[in-house]
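Chemist: Single-letter residue listing:
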Amino acid sequence: MSAIRAFLCRLSGLFDNQRKDHELKEEIESHLQMHIEDNVRSGMTPEQARRDALIRSGGLELAKEAYRDRRSLPVLETMMRDLRHALRTLRRSPIFTVVAVLLLALGIGANTAIFTLLDQVLLRLLPVKNPEQLVMIWTTGPNLGGNIGSRASSYPMYQDFQQRTQAFSHIFCRFYTPLSVSSGNESERVAGELVSGNYFQALGVGPAVGRVFSPEEDDRMYKGHPAVVLSHQYWVSRFGADPGVIGKKILVNSYPMVIVGVSAAGFSGMDPARSPQIRVPIQMKPLMTPGSDQLGSRRNQWIQIFGRLKPGYTMASAQASLQPLLSEILRAEVTESSVQYVPKSVLDRFLARKVRMEPAANGYSDLRQSYSTALVVLMSMVGLVLLIACLNVASLLIARAAARQKEIAVRLAIGASRGQLIRQLLIESAVLSVIGGATGLFLSVAMIHGLFGFLPTKGMLLTLRAEPDWRILAFNLGLVFLTALLFGLAPAWQTVRVDLSSTLKGAEGALAGGTGSARLRKSLVTAQVAFSFLLLVGAGLFVKTLANLKQTNPGFRDIDNLITFQVDPARSGYSLQRLKDFYKQVQENIRSLPGVKSAGYAWIPVLSGREADWDVVVEGHPFKDGDDRQAFVNCLSSGYWQTMGLALLDGRDFDGRDEGSRFHVAIVNRAFAERFFGDKNPIARRIGFDLGPGAIPDIEIVGVVENSLNEGVREGVRRQVFLPFAQSNFPYASAFYVRTSAGSGPVYTALRRKVQELDPALPVYEMKTLENQLDETLGTERLTATLSAAFGALATLLAAVGLYGVMALVVVRRTREIGLRMALGARQGAVLWMVLKEALGLLGLGVALGIPCAYLLSRYMSPQLFGVAPTDVWTAAVAAVILAAATAGAGVLPARRASTVDPIQALRHE
Amino acid sequence: MTDKMDVWQGTLALMVLKTLETMGPLHGYGIARRIEQTSGNQLTVLYGTLYPTLLKLEQEGYVSAKWGISDNNRRAKYYSLTRAGKKQLESEARRWEQKTAIIGRFLSPSEEA
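Chains Z and F supply the protein sequences, listed in that same order. The numbering of the first sequence is the working numbering, which starts it at 1 and goes up by one. The numbering of the second sequence is the working numbering, which starts it at 911 and goes up by one.
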């Protein structure tokens, strides 16, 4: 206790020293005087009395020293002195300081920004109880039915797991789906999640207001739990954080439900890229996804299962304990009638399905995979940029060291140790780095807001934060000290290695920087060139990838004047027939608008990453077991192809003849026709879908259409079968396509109005041109290309600046030699070339080092690329040319200065 | 003068506390004088040991200091014992007695033998 008190006193002793020095002086003075007076009283002469008092009380200066050491903390005091000295020194050279701080701020800021995204998308643990106990559970192998999303399981499978496994304290499940929410007379489409009743309990997430779901209250009755839990974010943004909403009724998909609570602030769910705004008990599934129930079906896999491991179980032991259960379930499933016609070989694979698990401490996201590689690549690139910036600052410090040689020599001569000086210089670096880091932190927030513009998913924006938290601060601080060491250590070492006698004698030659420091700076520049080369090659590959993706012909014509929007009236309680009538009516009303040439609609929107694929049977085309029979399916209205600008190669479009409640006719694309019919005419041939036992080819091909893209550019052209929307018995969620003659601006509002004339409460969403839609699918690629190009440019600029500095130094050092050469008759051109040659030599060395590195790194990039080889020679050549141009630019200025040297002046130089 | 002992660190703190307990508030010079007298002039108290010790005691909260006027009208800093100081004195004195008793038993001729 008293020790802490003493420490705090000593800490405060670092300040206000003058007053305390003065006080001590006064105290000792009064001590001395009293002593003298006593001595005089005991009979000494004043002279003697003073002498005696001084001797008997010991040395005054020593006493002050000992007192001062006790008053504060000597170690800290020295640090403070060094710090003050460093600040003073930096203030004396403001240009150097500003340049160094800017370089560091850019480097550290960019790193902090990218790390903030990386951390939130990839690294951060879910804000739930003991996230390390969470695992995701799924099964491999064929399901003999439909799948929605990745790692999906059937609901009965989930129930079996939940009731019969020992390894987990909880097993819970979730399903992500958009929902239509209306309260008052406002409707909007929100991100929703259907969850098992134990979802919140299992995660250990409580309510902010009201209650969350419980297995007892919300998971007992099929369609019997009209309860809603709002996310905290949605509660704040939509309901103004009003606690009165608890108990209020809202319509979800036109079904009356009660808001029972708001989940805890900060909790956004299992998927960091999506943040559901409302959650509904999974028993409400049929009402939340009209037209598809699936709760009781073992052949439909759609939910994602998670579990919380019991203490004492590892993932491996849990997996081992679940596998026999799965096999048992599968053996029971084979006896179901729906799988009786499946060939033996497929059944064997079905029975051999395996349980898979993965830690889910940071949740699971479909999108993570595509972002993770991009973010890791960007993180590496931005790390290189920081390294280059460090090399630049190091180079600047070495140049400064040359100018400070005299000061350093004097300090060494009067007794400073090299260790003390290195400490002093490192503190200077640390000060630069801390200021740079703090500036960088502010820069990073602005940069992150810029980065958000590249993210295509709106749900993602809800969970991502630009503001730094303690993790980001720690990362930033770590970078600050790492960089300080990186750029500070070598120059500091270089600085204190001065040759005392020659420097003090004032040998000017030493002042311009010894051979050692020039060599060091040259190697730094070479490293910079090599790193810049790497970054430029990477940037080139990504830019080319983006260009290739953009130039890929989607098949659709003039997509700039092609507007798409989506409606989902099924989520507003429409019946099957009313849905079909509604779509038709919308199409007709839109067609009558001025500026609209044609309109059509489709079941699944194109270029949205979504798809449906079924196995086909083809008349006259026997399949062997294991043949690829996959075809990608969509349902279309008449007029769709005309609107999309695609030619029918043969046959006809859908029209009024194609009605009914089951599919009779189909249009196939060229890829499908070529795969199954070769060069024979597919018209009037029959196909069917292997949806149930004994599939019969009873759908007649009436048309063939040119190829076009389906999910996105990377996926390319698929074998496709198109069916008439009018014959569909699942006409849910639909995308409209509208061909306009001119600018689309005014048409947007008109389209919205036309839909709302028919149903004022129906949300119209995702309205944009198809061009924008295509652009959005390229969000990751654009992010990578733009940022890597920016990093490459920055790196090249920094390398050029570094090169310029070194060449300027070289020219100063060789002024005399150059003068001599010119006096002896060297031409200007020869001198120019002499200097440039040296610069180009550094460039050549840097690129020579960069090429093998680029080659080694290229393999990690290939999954990110499209239409360009990772070892593309042209890209490397362009990178080298850009660097050469920058080098020439950086070398030419000093070279010209050298070539215009006046020989007389130069020989007098020094 | 040469045979006088310099006060060794650590024990000085105890002497200062004891002095302040017996004498009441006192300035640095008075404390030094008193310690030297009590030791029968065998000890010398130097500035360089006295004032850092006083500062240490003050930082630890065992003494408090206040500027005042001495008997012969001189401004001086007066030190006085705090409550924590009193406790510290008691425990330190006890420890010191134990220590000396143990050492004493080693050094005195053994009576049991």
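What the hints contain is simulated information worked out from the structure, not anything from laboratory work. Fair warning: this is a prediction, and the values are worked out from it, not measured in the lab. A few of these clues could be false.
[Claimed, not checked] Pairs of lysine-lysine, PhoX-like flavour, derived with a Cα cap of 20 Å:
(1) F:987 with Z:25
(2) Z:354 with Z:344
(3) Z:768 with Z:550
(4) F:976 with Z:20
(5) F:997 with F:987
(6) Z:354 with Z:129
(7) F:928 with F:976
(8) F:997 with Z:20
(9) F:928 with Z:64
(10) Z:25 with F:976
(11) Z:64 with Z:20
(12) Z:768 with Z:597
[Said to hold, decoys possible] Partial list, computed: chain Z residues near chain F (C-beta under 8 Å):
(13) 58
(14) 611
(15) 749
(16) 752
(17) 829
C-beta: ideal position from N, C-alpha, C; glycine also.
Chemist: Taking the hints in turn, state whether each one holds.
Modeler: Against the structure, the hints come out as follows:
Between residue 987 of chain F and residue 25 of chain Z the CA atoms are separated by roughly 12 Å; this keeps the pair inside 20 Å, and the hint holds. About 18 Å separates the Cα atoms of residue 354 of chain Z and residue 344 of chain Z, which keeps this hinted pair within 20 Å; it holds. Of the supplied pair hints, the one linking residue 768 of chain Z and residue 550 of chain Z holds, its CA atoms being roughly 17 Å apart against a limit of 20 Å. Of the pairs offered as hints, the one joining residue 976 of chain F and residue 20 of chain Z holds, with about 14 Å between alpha carbons and a cut-off of 20 Å not exceeded.
For the suggested pair residue 997 of chain F and residue 987 of chain F, the alpha carbons sit about 23 Å apart, so the restraint of at most 20 Å is broken. For the given pair, residue 354 of chain Z sits about 29 Å from residue 129 of chain Z by alpha-carbon distance, which is inconsistent with the 20 Å threshold. For the hint pairing residue 928 of chain F with residue 976 of chain F, the CA-to-CA distance comes to about 19 Å; that is within 20 Å, so the pair holds. A distance of roughly 29 Å separates the Cα atoms of residue 997 of chain F and residue 20 of chain Z; the hinted pair therefore is violated under the 20 Å criterion.
A distance of roughly 25 Å separates the Cα atoms of residue 928 of chain F and residue 64 of chain Z; the hinted pair therefore is violated under the 20 Å criterion. For the proposed pair residue 25 of chain Z and residue 976 of chain F, the alpha carbon gap of about 15 Å is at most 20 Å, so the pair holds. Restraint check: the Cα-Cα separation between residue 64 of chain Z and residue 20 of chain Z comes to about 11 Å, which is no more than 20 Å; the hinted pair holds. Proximity of residue 768 of chain Z to residue 597 of chain Z is assessed by CA-CA distance (about 17 Å); at most 20 Å being required, the pair is judged to hold.
Against a cut-off of 8 Å between C-beta atoms, the interface hint on residue 58 of chain Z holds, since the closest Cβ of chain F lies about 3 Å away. Hint on residue 611 of chain Z is violated. Least Cβ distance to chain F is approximately 75 Å, over the 8 Å limit. With its C-beta approaching chain F no nearer than about 76 Å, residue 749 of chain Z sits outside the 8 Å limit, and its interface hint is violated. Because the smallest distance between the Cβ of residue 752 of chain Z and any Cβ of chain F comes to about 76 Å, over 8 Å, the interface hint for this residue is violated.
Annotation: interface hint on residue 829 of chain Z violated; nearest CB of chain F at approximately 75 Å, more than 8 Å.
Of the hints listed earlier, those the structure fails to meet are numbers 5, 6, 8, 9, 14, 15, 16, 17, in rising order.
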